[in-house]
Each structure stands twice: as structure tokens, then as C-alpha cells.
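Student: So you can see what is in the structure, the chains are spelled out below.
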Amino acid sequence: MTEIILMAHVLFGMLCIVAGVWLFVDVLHANEANQGRIRTMSMAVAVLMWLAYLVGGYWYLNFYYVDKAIILKGPWPFAHTFFMEMKEHVAIMLLLLVTYLPIAAANNTAVNKGARKLVLWVVGLIVLIGIATDGAGAIIGIGAKVGLLVTKG
Amino acid sequence: METISKYTVSFGASLAITSILSALLVVLKELNENSVLAWMKGLTSHHWITHGLFMVIAFFAIGWGLAKMNNGEGLKMTPERLVCMIASGVVIGGLIISGFYLVD
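Heads up: the sequence lines are chains A and B, in that order.
Just so you know, the first sequence maps onto residues 67 to 219 in the working numbering.
Just so you know, the second sequence maps onto residues 11 to 114 in the working numbering.
Just so you know, not all the hints are guaranteed correct.
Derived BS3-like pairs (lysine-lysine); straight-line CA-CA distance at most 30 Å [to be verified]: (1) B:K78 with B:K16; (2) A:K183 with A:K134; (3) B:K51 with A:K134; (4) B:K86 with A:K139; (5) A:K179 with B:K86; (6) A:K179 with B:K78; (7) B:K51 with A:K183; (8) B:K86 with B:K16; (9) A:K139 with A:K183; (10) A:K179 with B:K16; (11) B:K78 with A:K134; (12) A:K139 with B:K51.
The following residues of chain B were derived to be distant from chain A, with all beta-carbon distances above 12 Å [claimed, not checked]: (13) S29; (14) V46; (15) K78; (16) T88.
Worth flagging that the hints you see were computed from the coordinates, not collected in a lab.
We treat Cβ as the ideally placed atom computed from N, Cα and C, and that holds for glycine.
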């Protein structure tokens with residue numbers, strides 16, 4: 067069950083990144099016809115990241131202590147002391163960015179170049195930070211794996 | 011000059027401010043485990059939940075406050091300057107967090 071929760075966290079995060087890339091391309095080609103889709107996709111990015119945050123947060127608060135102990139005793143303690151600590155706090159900034167995205171996307175990006183530039187920057191930051199936190203998650207997973215390998219001898 | 015809505019400007023500025031506040035709270039709580047961190051943990055059972063709640067509340071409170079400035083017309087800023095402010099806030103916040111855990 068805990069693995070399903072963790073995979074759901076990764077799934078929502080990855081879907082958020084994919085939706086973000088979709089939105090970036092849509093805004094690059096903003097016109098009157100795709101304004102509705104831009105607003106829908108900006109909401110989708112926000113909802114997916116909130117789901118990733120809540121599901122990941124539930125797992126972190128209830129199950130991560132087991133992995134944490136293994137990581138800290140293993141050869142990659144930095145997987146927790148740097149990557150997890152950094153990830154859990156950068157994720158809060160990511161949450162603020164996705165919450166802001168629909169507000170920025172409410173402007174007409176087809177006629178307003180300033181608004182278009184703003185949405186592109188916000189969604190660009192979301193995608194880049196999303197990829198970075200996804201990579202950090204992978205390092206945390208490997209940290210637990212190499213920790214278990216040492217434990218098993 | 012192209013304009014964007016007062017809520018876009020106000021909540022964008024709030025995003026930049028809150029990102030840096032969040033990073034500073036990380037440093038503050040980690041350097042004061044027995045006082046600040048323990049107090050945050052006591053509020054919701056985990057300091058991370060409290061941290062997230064504080065930042066979401068701060069984001070909306072600051073954004074709402076900035077939107078009420080100038081007799082309700084909100085904070086004034088060009089889109090270019092807002093982009094610069096948001097990018098700077100997020101990058102500086104990220105560097106503070108990463109830098110802190112790198113040297114901690």
C-alpha cells in the first residue's frame with residue numbers, strides 16, 4: 067500500500083510536468099481560440115501539483131521514517147540530509163507557483179504580450195523545479211536502495 | 011504600456027516575497043530546533059505541515075493586502091518587472107534553501 071501511495075505521488079508530479087510543458091507550448095502559440103484551454107491547463111497543473119504534494123506529504127509524514135533510518139545508516143546519507151531536506155522545502159515554493167499560475171493565466175495571453183511572458187516564466191519555473199524535485203526523489207530512492215544493500219551485506 | 015490585472019501583480023509580488031520568507035523560515039527553524047522548530051511542531055504535529063500552512067496563508071494574505079493598496083487599485087508594476095521579481099524571488103529562495111542544507 068505504501069508503494070502505491072509513493073507511486074501516486076510520482077505520477078501526479080510527472081503529470082504536472084507534462085501538463086506544464088503542454089501549457090508552455092500552448093502559451094507560446096497563444097491566440098483567441100486556445101484561451102479556454104490555457105486556463106483549463108493552468109488549473110490542471112495546479113490541481114496535479116496539489117495532489118502530488120498532499121499524497122507525498124501523507125507518505126512523508128507516515129512512512130518515510132523507515133527509509134530515512136536506512137538512508138542515514140547507508141553510504142548515501144546526503145540523500146536525506148541534502149536532497150530530501152531541500153526537496154521538502156522547495157516543494158512549498160512549487161506549491162505557491164502552481165497556486166499563482168491560474169491567476170496569471172486569467173489574463174488574455176493572446177493580446178497581452180506582458181501576460182504571455184509572465185505565464186511562460188511561471189510555467190517554465192514550475193517545469194524546471196518539478197524536474198529538479200523529481201531528480202531529487204530518484205536520488206532519495208537510490209539512497210534507500212544502497213542503504214538496504216549495505217544492510218543485507 | 012500593456013497592463014495586467016491588479017490581482018496578477020499583487021499575488022505575483024506576494025509569490026516572490028513568500029518564496030524568500032519560506033527560505034528564511036527554513037534557516038530560522040533549523041538553527042533553532044528547541045524553540046522555533048519545536049513550536050512549529052507543536053502547532054500541527056509536524057513542522058513541515060506548519061511551514062506549508064504558514065506559507066499558503068502568507069501568500070494569500072500578502073497578495074490580498076497588496077491588491078488593496080492605492081485605494082483599492084492595487085500594486086502597480088509592469089509585467090517585465092513582475093517577471094523579474096518572481097524569478098528573482100524563486101531563485102533566491104531556492105538558493106538559500108539549497109545553500110543552507112549544503113553547508114549544514
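Student: Against which earlier hints does the structure fall short, listed by number upward?
Tutor: Per hint list: 2, 4, 7, 9, 11, 13 and 16 violated.
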